[in-house]
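Enquirer: Work out the full structure, taking the sequences as your base and the hints as a guide.
Each chain, letter by letter, is given below.
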Amino acid sequence: MGAERQKAPALGAEDLCCRYREPDVAALVGVTLGLESGELVALMGASGAGKTTLLKCLNRVIPSFESAALSGRVAVGGRWLEREGIRDLAGEVGMLFQDFEAQLFSTDVAREVAFGVEQLGVETDEARKRVEWALSAVGLAGLSRRDPSTLSGGQKQRVAVAALLAMRPRAMLLDEPATDLDPQGRGEVYETLGRLRSQGLAILSVEHEVESVLGADAILLMRGGRIVASGRPGEIASRVELFEEAGVRPFELARLFRSLGLEGLALSAEEAASAIKRAGWKAAEEDGAGEQMRAQGRLVSLEGVSFRYEGGEVALREVSFTIREGEFVALVGRNGTGKTTLAKQINGLLRPGSGRVIWRGRELATMPRREIAASVGYVFQNPDHQLFAPTLFEEVAFGPRNFGLGGAALRRRVEEAIAAVGLEGLEDKDPFWLSKGERQRLAIASVISLDPEMLILDEPTTGLDYRQALEIMRLLERLNRQGRTVVMITHSPWLVAGYAGRVLVMEEGELRWEGAPKEFLLREELLARAGFEMPPVAAVSRRLGSRAVTVEELVGKLKKQEGVDREK
Amino acid sequence: MTLSLYLERATPLHRVHPVTKVVCMVGTFVATFLLDEPLFIMPVVALVASAAAIARAWVNFCRLRWIFLPVFVFTLAIWTLFYPQGGASEEALRFGLGMALKLVTFLGTGVVFLSTTTIEEAAYGLSCLGMPYRMAFTLTLSFRLVPLFLDSAKAVVEAQRCRGLEFSRGGPLERFRRYVPVIVPVFMGGLRRADHMAIALEVRGFSCGRRRSLVTKPAAGLRDAVAGVVAAAVLVLYLFWWWNGTGLIRPGV
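Residue numbers (our numbering), protein chains in the order written: chain A, 192 to 759; chain B, 2 to 254.
Be aware that one or more of the hints could be misleading.
What the hints assert, rightly or not - Chain A stretches covered by chain B per the calculated footprint, using a threshold of three residues with CB under 8 Å from any CB of chain B: (1) 281–291; (2) 296–306; (3) 316–328; (4) 344–358; (5) 574–584.
Since the hints were made in silico from the structure, they are not lab data. Predicted model, so just to flag it, every value in this text is computed and none were measured. Beta carbons are placed, not taken as given, at the ideal position from N, Cα and C, and that holds for glycine.
Expert: Put into C-alpha cells, the structure is as follows:
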C-alpha cells in the first residue's frame, strides 16, 4: 500500500481529486492508493466520505457517465490510464453493486454470466469454458440453468461476481456488496472474494462492518474525500477513535481492549479472552437473576397463524406469540424465512390463511383497515417506497391528513414527528435531496406522525452508515421509552444486543424460539438458525465465563485480580 | 410472482431457431388478418392450437384466460351489435365471430412465441432480421423490467395503505389523485434503478464496440424447414383465398 510509487499498480490512483459540479462539492481530495494483484483492500467511511466516488473514478464511470472536474491519475492492470473511458476498460475492471437486482438482466444464470464475455467478442468455445470456470469459482456450478430471479440474495450476488469474473478482469470494485444480505449471504460473498485473491485479482471493497473485512490485506479509512488512515486490519482496527471520527462502527474487541486499558488488539475471540485473562481480569460471579420482563398488557397475539402466498409455498406455519405493550422485539431469521410476511400479519396487510391475530382483544381481521393503519405503523425497508411529496412537511402530514387531521393540530403533530427524528429546520426541503439516512428518518417520521401504538420496522438500518444507524436506533429507543411498542426486523447482532428486549427467531416459516437477547446471542445453535454469527464480545464473554453481550456490560462484569500486573 | 411466459421445456417448437419463430409468427399474423369468415379463419386457429399443444403451452393460455375470454366476448358483442350495415344480423354475427377469432388467434400466436422463446433468443432473432442489437436488447430488457416495476408498485401501494391511503374512495379525479403517492415513488425508483443498470451494462462491455460472440448459438435444422414450410403453405393458401375474394365479408357489398 505504498503511497509514493512510480510503477503503476494493478489498481490505484495518484493524487486523485474529484469535484462534482452540481452541487459544487469536492468529493475526493488528493487520494493516493495502490493495490497489487491478489490484494483485497477494504474501503470504509461514513456516507458522503467519497467511497463510491473513488470507485467510480477508478473504473471511469466518472468522467464517462457523470460529469465532474478530475485531476490526478488512475492505474488499472499495471498501467496509468490516459484518455480511456469506461468502454475501454470493460473486462479489465469489474464493478459489483449493492443493488443486485439492477445488475442481473438475463433469464438464466449461464446466460447472465455469458453476457459480458459475449460483448467482448470472446470466441464461443473459450467463452463457454470461461462461463463454466466462473460459475465454479463462485460455487454455483450446478445452477447454470436457473432463473436468477429465483435465487437467494447471496446467490444473486455471486452470479453477479461470476458475470464479472468470466470477463477475466484484473481488478474488481465492490460497492457494499453484502449490505442487503443476511449474515449467511454476507459470509458467502466474502468467502468467494477471499478465494478470488488467489486468482490474482486486485479487489477494492466498500464495507460498513469491520468484522466482515478482518481477513483483508488492508483497510483504508476515508473522511471528507480523503484517505485518513490505512493499514493492516490488525493495526488499524485497534484505533477506535479514528473509526469513530470517520463515522464507522469501531471493532468491538478494540473497544473492549481500550475500555480495559489493554494495548494491542486480538482479532479472534480466543486470543482476546487469553489476553484479558493474562492481564488479570476475571469475570465476576453471575448473580443468576434472569432479565425481568415487565408485566404489561397484551397488545397483539398471534394464535396458530399459517399463511401461503397464492401459488407459492407455505410462508408461515402455525405461528403463535404475544407482544405486550411497551416491548422492543427483534424479529430475526435468514432471508426468505417469513419475517416480513409475519410482520405484515401484525399490521393486517396480509390476512392469515388459518389462525387469528388478536389486537387488544379484538380479531384484527374484523377491524377496519384505517383503524389498523392508525394503530400499527409500518416502516418499509426501502424509504423510497413511500416518499413522494414535494416537501418534508407535506410528506409527514400525508398520513395524519388521510385520517382527517388538519389545522393547528396537524401542524403540531407534524412538527413533533419531524423533531423526533431530528430533521427540524428542513420542513420545506424536497425529500429527494436528503441522504439515505435522512430519508430513512423521514420515513419513520411520516409513520410516527400517525401516532401509532406499535411501530414495525423492516431492517431500518440497512444501507446506513454507523452514525446514521445509531441515530435511528436512539430514536427507536426513545420512542420505546415513551411507551411505543417496537418490532424490528434485523440481521445485525449489535442491534439485537444493544436495543432489543426480546428476540423471535423465524426459520422456514416457523417461530423456532423466543426469549431474551442474551440467551439468543450466547447460543450458537440459535444463532446458526437465524443465520447470525456470535458477536465477538459475546464470544469473548463466554470464554471468560460471563454472559455479557455488549462491551459495556462485559467491562462492568470484569474485575481486576489483585497481584496481577496489567499487561504492557 | 413470475410474469415471464417462457416455459422451460424440451419440445421441438422450443428448439426452432428464433429467426424462424419470428418469421413464422409474422406470417401467422398476416394470415390471421386476411380473411373475415369464421370458417376460413378456423385453419389458422387450428394451426396455432396445434403449435400450443406441441409446445405444451396450455398452462399459459389458462393463466391468461382472463385476457382471452373478455377479448373474445367483447369483440364478438361489439362487432355484432355495431356492424356497419345494421347490427345483430346473421352477417354481423359471422363478422363479429371472425373478428373475435382473429384477435384471439393473434394473442395466441404471441403467447406460443413467448412460451417457447427466451428474451435473449427473441433479441437474437430480431437482430438477425436486421433490428440494431441495442434496440433489440433494450426491447427485450423491458420485458425483464416489467415484473420488477410491478413488485415495486406493490410495495409502494402497501406502504401508502399503511399510512391510511384508500384508493377506492371519491370520484374518478379524486381517485386518480390518490395514485400520485404511488406513481411518484415507483417512477423515481425506476429512474434510480435504470441509472444503476446503465452503469452495470457498461461495466460488462455493452458498448465496448467489439464484435459480439454468442455462447449458446441457436442452430437451424430440419424442424426449422418443417415449421417454415407449414407457415409458408398456410400463408400462401390465405393469400390465394384473399386474392380470389374467398372468405371475405365486405359490409354493404
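Enquirer: It remains to establish, for every hint, whether it holds in the given structure.
Expert: Right, here's what the structure says about each hint:
no. : hint    : verdict
1   : 281–291 : holds (count 7)
2   : 296–306 : holds (count 8)
3   : 316–328 : holds (count 3)
4   : 344–358 : holds (count 3)
5   : 574–584 : holds (count 6)
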